[in-house]
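2 protein chains.
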Amino acid sequence: MTQRAIGLGIVGLGRAFTLMLPTFQADRRIRLAAACDPLASVRARFAQDFQAPVYEDVAELCADPDVEAIYIASPHQFHAEHVALAAQAGKAVLVEKPMAITLAQCSQIVDIVAQTGVPLIVGHSHSFNGPVLHAARLLHSGQFGPVRMVSALNFTDFLYRPRRPEELDTAQGGGVVFSQAAHQVDIVRLLLGGLASSVRAHTGQWDASRPTEGAYAALLSFTNGAFATLNYSGYAHYDSDELMEDIGEMGQRKAAGTHKNTRLRLAQTNEAQEAKLKASRNYGGTDYQAPAATPPQHHQHFGYILVSAQQADLRLTPDGLMVYTGDERYFVATPLSEIPRVEVIDELWSCVREGRAPVHSAQWARATVEVCLAMLASNAQRGDIPLHHQVAAHLAPQA
Amino acid sequence: MTQRAIGLGIVGLGRAFTLMLPTFQADRRIRLAAACDPLASVRARFAQDFQAPVYEDVAELCADPDVEAIYIASPHQFHAEHVALAAQAGKAVLVEKPMAITLAQCSQIVDIVAQTGVPLIVGHSHSFNGPVLHAARLLHSGQFGPVRMVSALNFTDFLYRPRRPEELDTAQGGGVVFSQAAHQVDIVRLLLGGLASSVRAHTGQWDASRPTEGAYAALLSFTNGAFATLNYSGYAHYDSDELMEDIGEMGQRKAAGTHKNTRLRLAQTNEAQEAKLKASRNYGGTDYQAPAATPPQHHQHFGYILVSAQQADLRLTPDGLMVYTGDERYFVATPLSEIPRVEVIDELWSCVREGRAPVHSAQWARATVEVCLAMLASNAQRGDIPLHHQVAAHLAPQA
Numbered sequence: 001m002t003q004r005a006i007g008l009g010i011v012g013l014g015r016a017f018t019l020m021l022p023t024f025q026a027d028r029r030i031r032l033a034a035a036c037d038p039l040a041s042v043r044a045r046f047a048q049d050f051q052a053p054v055y056e057d058v059a060e061l062c063a064d065p066d067v068e069a070i071y072i073a074s075p076h077q078f079h080a081e082h083v084a085l086a087a088q089a090g091k092a093v094l095v096e097k098p099m100a101i102t103l104a105q106c107s108q109i110v111d112i113v114a115q116t117g118v119p120l121i122v123g124h125s126h127s128f129n130g131p132v133l134h135a136a137r138l139l140h141s142g143q144f145g146p147v148r149m150v151s152a153l154n155f156t157d158f159l160y161r162p163r164r165p166e167e168l169d170t171a172q173g174g175g176v177v178f179s180q181a182a183h184q185v186d187i188v189r190l191l192l193g194g195l196a197s198s199v200r201a202h203t204g205q206w207d208a209s210r211p212t213e214g215a216y217a218a219l220l221s222f223t224n225g226a227f228a229t230l231n232y233s234g235y236a237h238y239d240s241d242e243l244m245e246d247i248g249e250m251g252q253r254k255a256a257g258t259h260k261n262t263r264l265r266l267a268q269t270n271e272a273q274e275a276k277l278k279a280s281r282n283y284g285g286t287d288y289q290a291p292a293a294t295p296p297q298h299h300q301h302f303g304y305i306l307v308s309a310q311q312a313d314l315r316l317t318p319d320g321l322m323v324y325t326g327d328e329r330y331f332v333a334t335p336l337s338e339i340p341r342v343e344v345i346d347e348l349w350s351c352v353r354e355g356r357a358p359v360h361s362a363q364w365a366r367a368t369v370e371v372c373l374a375m376l377a378s379n380a381q382r383g384d385i386p387l388h389h390q391v392a393a394h395l396a397p398q399a
Numbered sequence: 001m002t003q004r005a006i007g008l009g010i011v012g013l014g015r016a017f018t019l020m021l022p023t024f025q026a027d028r029r030i031r032l033a034a035a036c037d038p039l040a041s042v043r044a045r046f047a048q049d050f051q052a053p054v055y056e057d058v059a060e061l062c063a064d065p066d067v068e069a070i071y072i073a074s075p076h077q078f079h080a081e082h083v084a085l086a087a088q089a090g091k092a093v094l095v096e097k098p099m100a101i102t103l104a105q106c107s108q109i110v111d112i113v114a115q116t117g118v119p120l121i122v123g124h125s126h127s128f129n130g131p132v133l134h135a136a137r138l139l140h141s142g143q144f145g146p147v148r149m150v151s152a153l154n155f156t157d158f159l160y161r162p163r164r165p166e167e168l169d170t171a172q173g174g175g176v177v178f179s180q181a182a183h184q185v186d187i188v189r190l191l192l193g194g195l196a197s198s199v200r201a202h203t204g205q206w207d208a209s210r211p212t213e214g215a216y217a218a219l220l221s222f223t224n225g226a227f228a229t230l231n232y233s234g235y236a237h238y239d240s241d242e243l244m245e246d247i248g249e250m251g252q253r254k255a256a257g258t259h260k261n262t263r264l265r266l267a268q269t270n271e272a273q274e275a276k277l278k279a280s281r282n283y284g285g286t287d288y289q290a291p292a293a294t295p296p297q298h299h300q301h302f303g304y305i306l307v308s309a310q311q312a313d314l315r316l317t318p319d320g321l322m323v324y325t326g327d328e329r330y331f332v333a334t335p336l337s338e339i340p341r342v343e344v345i346d347e348l349w350s351c352v353r354e355g356r357a358p359v360h361s362a363q364w365a366r367a368t369v370e371v372c373l374a375m376l377a378s379n380a381q382r383g384d385i386p387l388h389h390q391v392a393a394h395l396a397p398q399a
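For the record, the sequence lines run as chains A and B. The first sequence lines up with residues 1 to 399 when you count with the UniProt record's numbering. The second sequence lines up with residues 1 to 399 when you count with the UniProt record's numbering.
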């Protein structure tokens with residue numbers, strides 16, 4: 001690396017930042033330049049840890065000339081406002097998924113990116129995972145013939161992890177459609193080329209004490225004739241990581257009984273304690289534990305994903321791709337970086353320093369949010385929802 | 001057993017009979033009393049093997065007073081006609097799935113059963129498999145709370161097995177929707193209570209040389225609020241028996257490379273040879289091998305099936321059920337009979353000798369065919385197809 005690191009300002013030092021921090025710290029292309037958070041104690045921790053300025057107000061952060069790019073990890077419903085502030089200040093943007101929770105907000109972001117010309121990518125999402133990008137590149141190369149079908153399944157304890165009240169309110173972007181389908185849809189779109197044409201879905205709200213969508217089943221069709229089933233339960237007793245060699249979503253070796261323990265912990269917590277519990281485990285919280293600096297052993301993943309092309313089926317694993325063709329079955333390892341989620345920084349770097357168009361652009365992310373909103377609408381209206389904002393996936397050639 | 005065996009007449013000594021023969025031979029409640037088939041050589045073989053009369057004509061078989069029940073295993077499109085002949089002769093009927101290939105034919109069968117009062121069950125189908133019935137009984141008991149969702153997945157080499165031309169013609173009941181969804185839908189309906197309300201589906205015809213449906217993805221909704229994803233590929237390079245401990249559909253330990261070998265064999269065969277190849281491996285054919293008399297080591301299955309209830313997820317295995325609850329994960333073995341597909345004879349016996357109502361009745365089977373037809377219609381019309389002939393599952397208490 002001969003060019004200088006990107007000075008990154010952080011908006012929101014919560015859960016998403018906590019999960020991205022190991023990446024920012026490990027990747028020399030990133031320098032943590034400033035942060036903004038409503039909580040004074042967390043700001044103080046950041047200032048001390050990174051010897052960097054902290055702000056109460058997003059506009060102040062955006063005015064900091066040492067900040068070249070801004071990572072927006074505020075709650076979903078504030079993304080559009082915060083992206084606008086950053087873009088108007090001429091900063092590059094990395095904004096967490098879901099990009100926003102309404103199509104109007106998404107379109108605002110698309111427009112502001114067009115007007116200001118700032119680089120913007122949306123992530124992290126699990127469509128950045130090495131094996132997903134690897135599979136997409138192989139499929140898009142055409143070597144296996146046309147893509148036909150994806151089967152995606154993920155059964156987790158999502159709904160029983162500690163939550164802020166808004167995370168259990170669909171109107172505020174809560175529930176598994178906004179938080180989890182955002183991953184699964186992004187992956188499926190990337191594998192099948194991006195241009196979904198319609199959605200039919202059922203969503204499940206099966207726990208009155210957590211009154212938002214906790215499960216869904218969706219059928220997506222694509223303009224190229226491909227289709228996909230997406231199935232998710234965040235109420236699960238079953239753990240579909242059984243199908244992923246007992247490697248968890250974050251690429252970690254998983255202990256048995258994870259789902260049971262999540263429920264048990266929650267049962268010992270009242271509502272007031274729950275939001276605190278969540279906060280306490282985030283960066284700057286009383287129970288925060290900085291992750292070990294050991295490099296990842298496996299890729300992150302989002303459950304069982306099988307993609308069928310004319311001449312091969314590909315099954316994504318935490319280590320790469322199992323490829324099944326007419327002649328043979330073979331495993332192709334996806335190279336693993338020492339930096340977790342390095343693919344996010346790869347894409348940010350390629351936009352900010354190399355001027356390339358992003359894969360996970362604002363238009364791309366709007367298309368994924370459109371599918372998620374269509375899932376909710378399909379469940380309500382009991383029919384297909386046609387899609388109008390889809391864009392094709394444009395993957396850069398492998399570096 | 002103190003009562004006499006059921007004298008069974010066979011209509012059609014083809015593939016379905018070949019697969020049921022081990023059951024008929026092993027179960028002392030069945031006596032092979034007569035058979036009917038258009039092929040003289042196969043009739044001769046049956047006459048010799050079982051010292052029983054054979055007929056060229058179904059009506060003659062139906063007139064045989066030694067025949068108490070008739071197993072109808074003729075090609076799908078003849079089922080309605082053959083059931084009518086049997087029922088009008090007062091015979092009990094076991095008819096292969098799919099019961100018929102149009103709703104009108106199904107309704108004819110429902111009507112003739114009502115008019116004649118003969119016992120009729122539809123099978124074998126994989127919803128007779130021990131673990132399916134076991135799971136359904138546990139779920140219907142309510143001990144896990146309301147049923148919510150099923151995820152069903154099966155990737156096979158179905159389309160590349162030797163076929164008669166009509167099996168590759170949807171109009172004649174060919175393709176995976178009639179032959180394979182008939183299993184998967186029956187299982188899902190049984191697990192979720194039976195009363196499907198609508199279907200949305202996509203079907204895939206991806207091989208011009210085998211011009212019928214070879215794959216599908218379907219979303220079913222039920223009147224009790226449950227829903228299901230059903231995903232099937234008969235073009236698969238991948239073998240989803242990987243998820244079933246490498247136990248195949250028939251409960252057999254499976255060698256690696258099965259799908260590859262199926263394709264290789266077919267590539268060495270021309271169209272004329274193909275139908276002969278199929279026939280040659282059936283009962284009475286030149287390559288027919290009577291199955292070893294060793295009792296089954298595992299239950300038969302139809303791929304990966306996960307069913308979610310409010311308080312537990314159940315995963316069906318070739319040996320029983322893996323149950324995941326809030327407290328624990330445990331395995332419940334499903335007792336294995338020494339007789340393969342014994343559950344079919346259990347149900348036939350309970351209808352014919354004990355006068356009980358069947359689970360797999362004509363109404364039940366019509367409802368499953370309705371779903372299959374709705375899958376084809378949904379793909380053509382690109383929308384939900386409402387269902388009007390659904391009936392609830394009524395499982396007898398465990399014997």
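To be clear, the hints were calculated from the coordinates, so they are not data collected in a lab. Honestly, I wouldn't trust all of these hints.
Heads up, the list lumps identical chains together, so a pair's fine if it works in one copy or across two of them.
[Stated by the list, open to error] In the EDC-like style, the derived pairs of lysine to aspartate or glutamate whose C-alpha atoms are separated by at most 20 angstroms in a straight line are: (1) Lys254 with Asp169; (2) Lys260 with Asp169; (3) Lys260 with Glu60; (4) Lys260 with Glu166; (5) Lys260 with Glu245; (6) Lys278 with Glu249; (7) Lys260 with Glu68; (8) Lys276 with Glu338; (9) Lys260 with Glu328; (10) Lys276 with Glu249.
Quick rundown of the hints versus the structure:
1. For the identical chains of this complex, Lys254 and Asp169 are neighbours neither inside a copy (29 angstroms) nor across copies (48 angstroms), given an alpha-carbon limit of 20 angstroms.
2. In the homo-oligomer, the alpha carbons of Lys260 and Asp169 never lie at most 20 angstroms apart, since the shortest distance is 24 angstroms inside one protomer and 49 angstroms across protomers.
3. In this assembly of identical chains, Lys260 and Glu60 lie within 20 angstroms of each other by CA distance neither inside one copy nor across copies; the values are 44 angstroms within and 62 angstroms between.
4. In this homomeric assembly, Lys260 and Glu166 never come within 20 angstroms of each other (Cα to Cα): the closest approach is 24 angstroms inside a single copy and 51 angstroms across copies.
5. Only within a single protomer do Lys260 and Glu245 lie at most 20 angstroms apart by alpha-carbon distance; the minimum there is 19 angstroms, versus 25 angstroms between protomers.
6. For a Cα distance limit of 20 angstroms, the shortest separation of Lys278 from Glu249 inside one copy, 18 angstroms, qualifies, whereas the shortest one across copies, 46 angstroms, does not.
7. For a Cα distance limit of 20 angstroms, the shortest separation of Lys260 from Glu68 qualifies neither inside one copy, at 43 angstroms, nor across copies, at 54 angstroms.
8. Taking identical chains as interchangeable, the C-alpha atoms of Lys276 and Glu338 are never at most 20 angstroms apart, the minima being 32 angstroms within one chain and 58 angstroms between chains.
9. Taking the shortest Cα distances, Lys260 and Glu328 sit within 20 angstroms of each other only across copies (7 angstroms), while inside one copy they are farther apart (39 angstroms).
10. For the homomeric pair Lys276 and Glu249, neither the shortest alpha-carbon distance inside one copy (24 angstroms) nor that between copies (50 angstroms) is at most 20 angstroms.
In terms of the numbered hints stated before, the structure departs from hints 1, 2, 3, 4, 7, 8 and 10, listed from lowest to highest.
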